[in-house]
Structures are given as C-alpha cells and as structure tokens.
Amino acid sequence: MKNTRRDFLKAAGLCSLGLFSKPVKDAFAQDESAYSRRPEALVGKRWGMAVDVKKCAEKVEKDQCKDCIAACHVAHNVPTNIEGPKEEIKWIWRTTYEHAFPGLDAKYTHLEDLPFVVLCNHCDNPPCVRVCPTKATFVAKDGIVMMDFHRCIGCRYCMAACPFGSRSFNFKDPRPFIPEIRTEFPTRMRGVVEKCNFCAERLAEGLLPACVDACKAKALIFGDLADPDSEVRQVIRENYTIRRKVYLGTQPSVFYVI
Amino acid sequence: MYNTGKIIIGLVIFVGLIGYPIWSSIGTPSPQPELVLTAKAKAAKECIESTEFMKASHMKVVDEWRNKVVREKDRIYTASNGKEYVMSLTNTCLDCHSNKDTFCDRCHNWASVRPYCWDCHNVPKGKENEEHS
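So the protein lines, in turn, are chains H and B. Mapping to my numbering: the first sequence position 137 is 130, numbers consecutive. Mapping to my numbering: the second sequence position 66 is 86, numbers consecutive.
If you are wondering where the hints come from, they were derived from the structure by calculation, not from laboratory data. Some hints could be false.
[To be verified] A short, non-exhaustive set of chain H residues, derived as facing chain B with CB atoms under 7 Å:
#1 A27
#2 Y28
#3 S29
#4 E33
#5 K47
#6 K48
#7 A50
#8 K52
#9 H143
#10 T176
#11 P179
#12 T180
#13 L200
[To be verified] Think about it this way: if two alpha-carbon atoms lie no more than 30 Å apart in a straight line, the pair counts; the simulated DSS-like pairs of lysine-lysine are:
#14 H:K128 - B:K60
#15 B:K88 - H:K134
#16 H:K211 - B:K93
#17 B:K88 - H:K128
#18 B:K75 - H:K134
#19 B:K80 - H:K134
#20 B:K26 - B:K60
#21 H:K128 - B:K93
#22 H:K38 - B:K120
#23 B:K93 - H:K209
#24 B:K75 - H:K59
#25 B:K103 - H:K15
#26 H:K238 - H:K100
#27 H:K165 - B:K60
#28 B:K120 - H:K15
#29 B:K103 - H:K134
#30 B:K93 - H:K15
#31 H:K165 - B:K120
#32 H:K38 - B:K88
#33 H:K165 - B:K26
Please read all numbers here as calculations on a predicted model, not as lab measurements. From the three backbone atoms N, C-alpha and C, an ideal C-beta is built for every residue, glycine too.
Next comes chain H alone, as it looks inside the complex:
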C-alpha cells in the first residue's frame, strides 16, 4: 500500500476534531437551557394591529379621548413634559388624514376630519433596521421592530430612514421631563432614539399592549398577522383597510379600518 503514512495523518487529523467538538457542543447546550419564556407569554410570528378609525373618532368626539396615548406614555416612562415639537418624544400620537396618508387625496370625503392614531408601523421591511450601523434596532423573531437602547449610539440614521416619523431622539436627559417615573420600566438616557415597542415587555407577561388595553372603544385590535384565524386578520378580512405609504414598500403592520 502506498501513502500509508499520509492516510494515517489524515485520519488522525479528523479524529482530533472530535476533541474540540464536545466543549463546543456543551457550551451551546448549556447556554440555551438556562433561558426561557414565561409560560403565559403571548407568542406570535408577526404581530400587527388594526385601528378602527370610526370607533376611535366617535370616542374622540364624545370626550376628547386620549386614553391609548396616555396609557402608553405612562407605561414606558415617555418624557411628555418636553415642550415644543423639535425635541418632543412620542411613541403614539394622533394626527390628521392628510399627514398620515400624504398623496392619497381625500378632499371633501369623511376621511378629512377623522382623527388617526399613529405609531411605529413595525414594518416587514423596515428601513430603520437597514441603516442602523450598530444593529441597535432589529426585527425580533415575532416581527416587532425592537430597539436595543444599550447599543444605540444616537446617530439618528434610523430617524432619517423612517418615513413615518415614528422615532424620537433624546436631546437631553429625559428623566426630569417624565411626570412620574414608573420604576418597573427603564427610562432612556441622553443621546438615544426611542419609539413604540409594541409592548414587548407586556406580551412577555401575557398582556396585550397598553394602548389596546386602555382603549374603551375597542378601536385597537392587536394580534398575529401570520395566523389567518386571529382577530386582527378577521377584522382586516371583513373591512376595507388602508396602510400608510404602502408605495414605499416598507410593508407596515398597522392597518386602518376606514
């Protein structure tokens, strides 16, 4: 037989791989077993929301309702005492049709006067995520466009990329501008960008988002867009809905029933 020594060395080399594989396998195995979800956590593949604008409008007309906005901002320690539009910070707010849907003309229709609640659209194809240089903003496995404040360097590329203005920048330490700090949820620091997180921390506890919970008119419907039997899919199926700026191709996950 020729090449005996060479064959032997090849086999020995392959065998030595085995020496390294066990510690590697152990490290991965150990890593995963220690971490888990709460059993009651809501699990979805593609969280989304439908806003029933007419229901919302009725309630707004009746008593100037701002329940969803207030609930969200309290839950997440949003500094609402900052004055002026330049440095204000908002996760969910109300605007007019022409601002929410520019280019989709609705002159002299009922849409002109309806209040539209707008928030981060948690796009399927989020431009903010594509431009983030540190991957501080990313798409989580349930479809939520998340912010990792630990990693944000405050470059504000995401704010420039977002076509919905859903992101706000902390120009100054937000703590003095929070009416009452809720200890359970962290605040932010100066120099990071923040936005709606679809209440990822509440979903992990099996609760619906704060805005959905707070809406007495039941105008906000939250659910898994990937599940054809979910309530939100049913609402979208049975009603005429529009999404903001679909022509940009970001594929928003917030639908408006009009």
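With chain H fixed as given, assemble chain B onto it according to the hints.
Frame of chain H; chain B shown alone:
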C-alpha cells in the same frame, strides 16, 4: 550635558513626588469596602448562583441577561440549582439588594468602575437606604 548632578537630583525628586500614590500603597492593600446585605438578601443566603461566582461574574450575568431579554425575548433565568428568576436588574437584583449605595456603589467606587446601568434603569424610590442591618 550641563548641570548633570542637579538635573538627576531634580528628576529623582520629581519622579518620587509624582509616583507618591504608588510608592505609598505598595505592600499595603487598601482596605476593601464593607458591603451591607439587606435583611432580605441575608435571609436568601445565596444569590442566584454561588457567592464566589456572583462576585467574579455578576457583570457577565447582567450582560447576558440584557441580550437574552432584549434580543431573544427570553425573560426567565433558570439557575444551576433549578430556581427560576425573572431577568430584570431593577425588579430582581434590586429587589434583594435594595441598598444600591452600600452594596453596588460602595464596591464600584472602590474599584473605580462606573457602570452606566443607572442612567436608564431605575433605582426603586425610598429603598436606597432601607433595611440596613
């Protein structure tokens, strides 16, 4: 070189003065800070893992936790003794160690590390000096 003697003497004095903090502490370790355990922490006997492990690696644990919570959506940590903990700095760590100033800060100041956790994570109000024993 002119004035060699004077310059060398001057240099020796200069180095001696500038290095005073180093000479003076050689051989005598600075006293370690005395950490205060709250009644709740004492009653629990052990943190989520052994005391030695926590002393050496709590920062790695906290770093791992933040990645798991924010990025992987996991919220529960199962310790090596099988006990489950919610991964939260404010709600879990500071629940027992509710005396940040005499537990966290005392050691961090001594070691001259300035973690910026508290820029965002809240310290429960009124708990900072509670339950000293």
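Results of checking the hints against the structure:
Using the Cβ-Cβ criterion of 7 Å, the hint placing A27 (chain H) at the interface with chain B is satisfied: the shortest such distance is roughly 5 Å. Taken as an interface hint, Y28 (chain H) checks out: its beta carbon lies about 4 Å from the nearest beta carbon of chain B, inside 7 Å. This hint holds: S29 (chain H) has a C-beta 5 Å from the nearest C-beta of chain B, less than the 7 Å allowed. Proximity of E33 (chain H) to chain B is violated relative to the hint, the smallest CB-CB distance being about 11 Å (cut-off 7 Å).
For K47 (chain H), the suggested interface contact is broken, since its CB lies about 34 Å from the closest CB of chain B, more than 7 Å. For K48 (chain H), the shortest C-beta to C-beta distance to chain B is roughly 31 Å, which exceeds 7 Å, and the interface hint is violated. Look at A50 (chain H): its Cβ only gets to about 35 Å from chain B, farther than 7 Å, so that hint breaks. Annotation: interface hint on K52 (chain H) violated; nearest CB of chain B at approximately 33 Å, more than 7 Å.
A distance limit of 7 Å between C-beta atoms decides the matter here; for H143 (chain H) the minimum to chain B is near 6 Å, and the interface restraint holds. About 5 Å separates the beta-carbon of T176 (chain H) from the nearest beta-carbon of chain B, less than 7 Å, and the hint is met. Restraint check, P179 (chain H) versus chain B: the minimum CB separation of about 4 Å is within 7 Å; hint holds. Hint on T180 (chain H) holds. Least Cβ distance to chain B is approximately 5 Å, under the 7 Å limit.
Annotation: L200 (chain H) was flagged as interfacial toward chain B, and the flag is violated, the nearest CB pair being 13 Å apart, outside 7 Å. Our distance criterion of 30 Å between C-alpha atoms is broken by K128 (chain H) and K60 (chain B), whose separation comes to about 39 Å. Under the criterion of a C-alpha separation no larger than 30 Å, the hint pairing K88 (chain B) with K134 (chain H) is consistent with the structure, at around 12 Å. For the given pair, K211 (chain H) sits about 27 Å from K93 (chain B) by alpha-carbon distance, which is consistent with the 30 Å threshold.
With a C-alpha separation of about 15 Å, the suggested pair K88 (chain B) and K128 (chain H) falls inside the 30 Å cut-off, and the hint holds. For the hint pairing K75 (chain B) with K134 (chain H), the CA-to-CA distance comes to about 34 Å; that exceeds 30 Å, so the pair is violated. Proximity of K80 (chain B) to K134 (chain H) is assessed by CA-CA distance (about 24 Å); at most 30 Å being required, the pair is judged to hold. Between K26 (chain B) and K60 (chain B), the direct Cα distance comes to roughly 64 Å. Violation of the 30 Å bound is thereby established for this hinted pair.
Taken as a hint, the K128 (chain H) and K93 (chain B) pair is honoured in the structure, with Cα atoms around 16 Å apart against an allowance of 30 Å. For the suggested pair K38 (chain H) and K120 (chain B), the alpha carbons sit about 39 Å apart, so the restraint of at most 30 Å is broken. Between K93 (chain B) and K209 (chain H) the CA atoms are separated by roughly 29 Å; this keeps the pair inside 30 Å, and the hint holds. At most 30 Å may separate the alpha-carbon atoms for a hinted pair to count; K75 (chain B) and K59 (chain H) exceed this at roughly 48 Å.
Taking the CA atoms of K103 (chain B) and K15 (chain H), the gap is about 27 Å. The hint holds against a cut of 30 Å. Between K238 (chain H) and K100 (chain H) the alpha-carbon distance is near 18 Å, which keeps this suggested pair within the 30 Å criterion. As the CA atoms of K165 (chain H) and K60 (chain B) are separated by approximately 37 Å, the hinted pair breaks the 30 Å bound. The suggested pairing of K120 (chain B) with K15 (chain H) is violated, with an alpha-carbon distance near 41 Å, which exceeds 30 Å.
Restraint check for K103 (chain B) and K134 (chain H): satisfied, since their Cα atoms lie roughly 27 Å apart, inside the 30 Å limit. A distance of roughly 28 Å separates the Cα atoms of K93 (chain B) and K15 (chain H); the hinted pair therefore holds under the 30 Å criterion. Proximity of K165 (chain H) to K120 (chain B) is assessed by CA-CA distance (about 25 Å); at most 30 Å being required, the pair is judged to hold. As the CA atoms of K38 (chain H) and K88 (chain B) are separated by approximately 18 Å, the hinted pair is consistent with the 30 Å bound.
A hinted pair counts as satisfied when its Cα atoms are at most 30 Å apart, and K165 (chain H) with K26 (chain B) does not qualify at roughly 54 Å.
In the structure shown, a violation is registered for the earlier hints numbered 4, 5, 6, 7, 8, 13, 14, 18, 20, 22, 24, 27, 28 and 33, in ascending order.
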